Amino acid sequence: MAEKSRAVLTGKHFMQGDIACAEGAIAAGCRFFAGYPITPATEVAERMARRLPEVKGVYVQMEDELASMAAVIGASYAGVKSMTATSGPGFSLMVENLGLAFMTETPCVLVNIMRGGPSTGQPTKPGQQDVMQAKWGSHGDYEIIALAPSSVQEIFDLTIEAFNLSETYRTPVVVLADEIVGHMRERVTIPEADEITVIDRKKPRVPPGEFASFKPDEDLVPPMACFGEGYRFHATGLTHDESGRPSTSSAEAQQKLVQRLCDKIRKNADKIVKTERTMLEDAEVAVVAYGITSRSALSAVQKAREAGIKAGLFRPITLWPFPDQQVSQVAKKVDAIVVLEMNYGQLVREVERAAKETPVIFLSKLGEEPHKPAEILQAMRRALQ
Amino acid sequence: MSEELHPFETFLRKEMIPHIWCDGCGNGIILNSYLMALKDLNIDFNKVVTVAGIGCIGRVSGYTKTDSYHTTHGRAVAFATGVKLANPELKVAVISGDGDLFAIGGNHFIHAARRNVNLQVICANNFTYGMTGGQYGPTTPLDAWTSTTPYGNVEHPFNLIHLAAASGAVYVARWTTLHVRRLTESIKKALQKEGFSFIEVITPCPEIYGRYNKMRTGIDMMNWFRKASEIRNYSDPAKAEITPERIVLGEFVDIEKPSFGRLLHGMTAKVQEKMKRGNR
Amino acid sequence: MPLKLWRKPLDADKIKVLHGEVYIIKERCKGGKGCNFCIEYCPKEVLEESEEFNKKGFHPPRVKDENNCVLCGFCEAVCPDFAIFTVEKNCEGGC
Ligand SMILES: Cc1ncc(C[n+]2csc(CCOP(=O)(O)OP(=O)(O)O)c2C)c(N)n1
Ligand code: SF4
Ligand code: SF4
Ligand code: SF4
Ligand SMILES: [Mg+2]
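If you read the protein sequences in the order shown, they are chains A, B and C. In terms of the numbering used here, the first sequence opens at residue 18 and continues consecutively. In terms of the numbering used here, the second sequence opens at residue 1401 and continues consecutively. In terms of the numbering used here, the third sequence opens at residue 27 and continues consecutively.
Treat the hints as calculated values from the structure; they're not laboratory data. A quick note: this is a predicted structure, and the numbers were derived from the prediction, not measured.
A few chain B residues that face chain A, going by a derived Cβ cut-off under 10 Å, partial list only:
no.	residue
1	S1461
2	H1470
3	A1476
4	G1482
5	A1486
6	L1490
7	R1515
8	M1667
9	M1675
Quick look at which bits of chain B chain C covers, simulated, 3 or more residues with Cβ under 8 Å:
no.	region
10	1424 to 1430
11	1614 to 1627
Ideal Cβ placement from N, Cα and C applies to all residues, glycine included.
Taking the hints into account, I'd like the entire structure generated from these sequences.
What follows is the structure, given as structure tokens:
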């Protein structure tokens, strides 16, 4: 119990987003962090370096992000909840083994505190430019779960959620926060340890001789044996059958595995997806925004209402799997949609796809600050014309 | 019945045997030697993790009936680092190729050696990228022919012994697959050592490297090893370069140094102690 | 289980030459020109190439003279395919 209280800093705090992220991870049971310093995610690593030894965890600073992600997968297979935190340039290196984590069904969490890109871009400035990279950045077909917090409290909560989802579905989960959420300081309430839901991976229910490490249950998720537990199993990034044996030329094996791995997320999407709807009941125009931009969107919606415009806000908390149905429902009810992103047009493509005939206006913002409420208001007016 | 069973039968993942390696390939000898070492030491197979990267030799992980993991190309040592730090009770061995460990994975190798992570790394050095059809790599000798050095290799190779020693490995040895007895003894020694150990195994790839370099069979290559080998235990790693005329073998480094795990977990214990006393 | 006798016995009185029985798992073997390591490196020339083909089209070795086998275990150790092993011969009635 003393152990648990050291892990969960119950109470009210005023803390930075990156710190809250680290605290969320520890509260969720994360006991291994491997990373490489990068602005604006360094504070997550620094906090973990201080905090993990206090809870008998391991912090290791690797030689690069390729190694960090590989070590995270190794630790998870050794039975320890593990994570890393990075930003764009590091994320580019991590997507290599993000694919490996997906292929070998490794629960783990990857935090990307997004800065301005491409390339080295603007290290200290916010961005939402890695949204598509999270979904498509690693080669081959894969599905990712990605969560976008919009406040310091939420980065704490969603980091816990990320671990729980990764353990439930045996899959890597990405927290896509932006530099502003990562660096701003806000009030955070950390509940009592026993009020926090912590989910652990399913374990094998049969003895070693009968166990097939990639044989799924009905929910498409296989129970997970870890190293040293006596199952003596094999895992590989090659296409494999349910026992883990490589199958490099069977079309059937390829179809079966890739389909299941993707369906594991797709078919469970309604259980995974979280969204937030504000003033949408009678709305004629909906603003779609996530992460930090959703906050200016909210004040723009409030201003619009004051000005007599029936506006509402739809905030995807889960960016991937994309909340298709939810966006479609909103689109059916409104005359127009305004999408805000701190990039040059990424998630807007998904919104357009889901919105079908409903017109979509995109408002891009690159650099220092998110969209100003006045700009958003103007866009809403334009959309309704 | 038992008469017909090979003594290593239960150490092999039977559903994956026969292995994919060519006739005359030395990779099977390395696997054989590794299993012999584990068996001789009476190590609990349930507590061993065999990690490999990508390449012909990378398939070794699948054939070994321990827990095993086949990583992406080059990342075996980094993955193994995560495993070992997360669960120090496990014996974690990495068996991989010259390309995997020293081209794409070179950075991970030197840093794991520097940190002295408690890992046993075995490199199957066949002087080439076997899996992709025999291109030159970081250990291909000068002037050698490969599919991408059609006019002879103009790059200097690594001397892996020197590299490992300079990077901080506590145990460094080199043998060929012909020296399988000594290789097994070395693997046993490495498995019992605390810290980062490295064994380079010179191994025949008659199918590709041999074919390009006038050694068409495994025996041709093994006979080259026999002719060129000189055992010079504890000689200067800097002078252990491999040339067509001379392959220096032996144990080169055998020192004691606290492993990364020991230092790390020791630090954690101190933090715990301090917290118990409440003077934070 | 084969004994590990590459360590030379020191005590001359106790020297007892062991004899081995050679087992060849033919279907696993990749012998022929490509391998033949066991044949080439057996110190006692116990083995030889055969004309026989296995299912994969390789020539497994054949025992030429088992009486010469001193159970050194080298064929077993150098075989890349786990296709050959030796066990101690029961020589109670003389070999
Ligand atoms: C990132 C990446 N680049 C390239 C490859 C292609 N590839 C597969 S194996 C290999 C070389 C392996 O060489 P080595 O490690 O020496 O093993 P060998 O096949 O010689 O045993 C390469 C380049 C790959 N799988 N992944
Ligand atoms: S290509 Fe070379 S290294 Fe690969 S299996 Fe064949 S002989 Fe061995
Ligand atoms: S060493 Fe093994 S594979 Fe090679 S010929 Fe002999 S028995 Fe066959
Ligand atoms: S045990 Fe030794 S002597 Fe007997 S066949 Fe094998 S290699 Fe030859
Ligand atoms: Mg090679």
